[in-house]
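Enquirer: Please build the complex by placing chain D on the supplied structure of chain L, with the hints as guidance.
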Amino acid sequence: MLKNTNSNNIIQLHDVAKTYESSNTPALKSVSFDVEKEEFLCLIGPSGCGKSTILKIIAGLDAATTGTVATPPNISMVFQNGALLPWLTVYENVALGLRSKKIPDAEVARLVKKHLEMVSLQDFASKYPRELSGGQRQRVGIARALAVEPSVLLLDEPFSALDPKTTDELHQDILRIWHETRVTIVMVSHLIEEAVSLADRVILIKDGTVSEIFTIPLPYPRREHTETFAEIVRRVRSKFFA
Amino acid sequence: MSSERHVGTHRHHTSVSYPMSLHQRIYTLVIVPILGLFLTFILIHAFGSHAESTEISRLSIVGALAATFGRLLVAYVFALLFSLPLALLVTRNAFAERVFLPLFDVIQSLPMLAFFPVVIVFFVHFGMYNGAAIFILFTAMLWNIVFSLVSGLHSIPAEIKAAGHIFGLHGLAFARKILVPASVPYLITGSILAFAQGWNIVIVAEVLHTYLPGSTTAIDLYGIGSVLVHASADGQQQTFLAAILALVVVIALCNFFIWQKLLHHAEKYKFE
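Those sequence lines, one after another, are chains L and D. If you read the first sequence in this note's numbering, its first letter stands for residue 1, the second for the next number, and so on. If you read the second sequence in this note's numbering, its first letter stands for residue 1, the second for the next number, and so on.
Same shape as in the complex, but just chain D:
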């Protein structure tokens, strides 16, 4: 244990501290979409082709975004449900840690997209096209949360655990009253990483036909990922631009209304 808690010592802050001021938050809300749009615009003008064909309507971009977001959400809920037991298992004792942590490390470092063709064949066999994409998103999200939680559980001061034991908390009560609340800040950062990873993967995960030999774009999932890929392949600049803008705006809004608020809330659960 460090003995940093002298009277009058202030908590160490990184350059950005939470709670962020409203100005800082609005800044991120405005600057991210502007930058994203600006960059895309420049790049399209510099390198884009000028073929224009059938445009996808604005409404369908919103719909595609909602479909993709739904997929991410389902995958996230599964990742969340699996991650806490896995993290608790790994940190349970030294033996479990020696057995499972290296295993998780290897699994985590495998590029899941490389296995996507196999995953698709499996899910398509059962007619679950969405299942394939959700599964791949789940595997991409899971490890971010698991490893965040593991480092969170490791960072609980020995004194806090000792206090739990002294004051009669054992087993499930110990998990519920000490381990889970202490993990909250790590759960949130893990979730942010998971969603970032998810958005990244979903762009390719919706375009199922590229992974199945002899199939057509008809099996692709309706979502912002497939809209982007098709628009780009067909040279539909405006659709592409609109889809990128919508994507960036949604991510900036998520950041503003969800993650920043949760990060602010997480301060309460941090040890000093």
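Isolated chain L, as found in the complex:
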């Protein structure tokens, strides 16, 4: 395979494989794809297909066993269960990444305020995570990830523990934030409808390798009840379960 040198690509994975020490079977066999700047990319696939491993490798939390990975330095992440620190206030949780960058307090305050406003939680700065609902916690997680003003935002099944109404609200929020900040998003999901309603491109991962790449040509906001939407979902679904 030729190395893609398109300068518009912010992330490049080439022939990436991963085998964990504790296992004989590889988590990833060979994964190659690029992520374009400002793109909203979604990785989907059945459980255990390796989609979360790909995200961890992009995040730098795991190293690829073989293959090459090119990523920008400032990558941020939103976790499945929020991963907020229970002993810190909402403010300090959002400031976490800024504090380790030794940013002056006044600038920290400005960035925290700006990003809490972005997720409509400006009035919750002094609350603790346990005082918030699941959706609010996930919003804090999003604000924390955005506060470091990343060039890539990784989302690891961020809506999977939420009820449908909250999930829907957060879908709207994440699309609005994406349009406002133009941050590149790579999201892992196991829901086909979610992927099709949010992403520019959907990559189906099966058995530790890229099985199919779908480009979603629908304009935003996407209407989930239209025939074209249903048609794309059907197409993805047929490959997902093939």
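Don't take every hint at face value.
Stated by the list, open to error - The calculated DMTMM-like cross-link candidates involving lysine to aspartate or glutamate, where the alpha carbons are at most 25 Å apart (straight line), are: (1) D:Lys161 - L:Asp62; (2) D:Lys268 - L:Asp123; (3) D:Lys177 - D:Asp105; (4) L:Lys114 - L:Glu38; (5) D:Lys177 - L:Asp105.
Said to hold, decoys possible - These stretches of chain L come out as covered by chain D in the derived footprint (C-beta under 8 Å, 3 or more residues): (6) 43 to 49; (7) 218 to 225.
Unchecked claim - Here are some chain L residues pointing at chain D (derived, C-beta under 8 Å): (8) Pro104; (9) Lys127; (10) Arg130.
Read the hints as simulated data drawn from the structure, not as lab findings. Each residue gets a CB set at the ideal place from its N, CA and C atoms; glycine is no exception.
Expert: Just chain D, lined up with the frame of chain L:
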């Protein structure tokens, strides 16, 4: 990671949850001393001898209790200082865990009192009578805290550690901002266990002469443990009863004013 955090799911509580209500706390403060005294009283009347001799004054019981508490406190501070580095060492990586954890397990399961005669000989050689008791208390307390901390460090969700790495926390900063706060609830339960173990050991650890052949009670340490043992050996019922009561009251007060408050405070550091 469990995905238990659905909106509307309530946190699982055991039968006693913290924060305890004031009623519950006062209940423990009152009921424990009453029960302790009642039991001792019954037992003395059923089985005790009736020889009465020189009584130790009330004041000296308070003094003895303070001396013993001081010993426990010193041993606890040492145990605390050693336990965090040891726990961090064990949980540092899989290799360290394979090497050190089985070792700690064996050391922990050794009955330290069996080694007390050797420990005493060593410390007495340097004239450190108190040192002997404090050392034995230290070894009894240390492992309770170490193993509590190890299980605490193990229970930190992978997602939390990942978040630490993503947001730039490494090495000491990671320990200070993630590992230490996450260990707080385990440090407190470990400390409660350590003190319980300490009170248990201190009763015998102060009576040094029983471990040194040819020595007299003169080398025994002044404390509630030696007061209890001597009172019991000499058949001084009232002294014994007063000492037990004082001991139980102090432990109940510690529980009320220290441990219950700390357990309440620890809720803040728990992952859901």
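Enquirer: Each hint needs a verdict: does it hold in this structure or not?
Expert: These are the hints, each one checked on the structure:
1. D:Lys161 - L:Asp62: With a Cα-Cα distance of about 13 Å, the restraint between Lys161 of chain D and Asp62 of chain L holds, given a limit of 25 Å.
2. D:Lys268 - L:Asp123: holds, 21 Å
3. D:Lys177 - D:Asp105: violated, 28 Å
4. L:Lys114 - L:Glu38: Holds, because 21 Å separates the two Cα atoms, which is no more than 25 Å.
5. D:Lys177 - L:Asp105: holds, 18 Å
6. 43 to 49: Violated, because only 0 residues of the segment 43 to 49 of chain L bring their Cβ atoms closer than 8 Å to Cβ atoms of chain D.
7. 218 to 225: Answer violated; 0 residues pass the 8 Å Cβ test.
8. Pro104: Pro104 of chain L check fails; min Cβ-Cβ to chain D is 16 Å, beyond 8 Å.
9. Lys127: Result: violated, 13 Å to nearest chain D Cβ.
10. Arg130: Where the cut-off is 8 Å and the nearest Cβ of chain D is about 7 Å from Arg130 of chain L, the hint holds.
This entry does not satisfy hints 3, 6, 7, 8, 9, going by the numbered hints stated previously.
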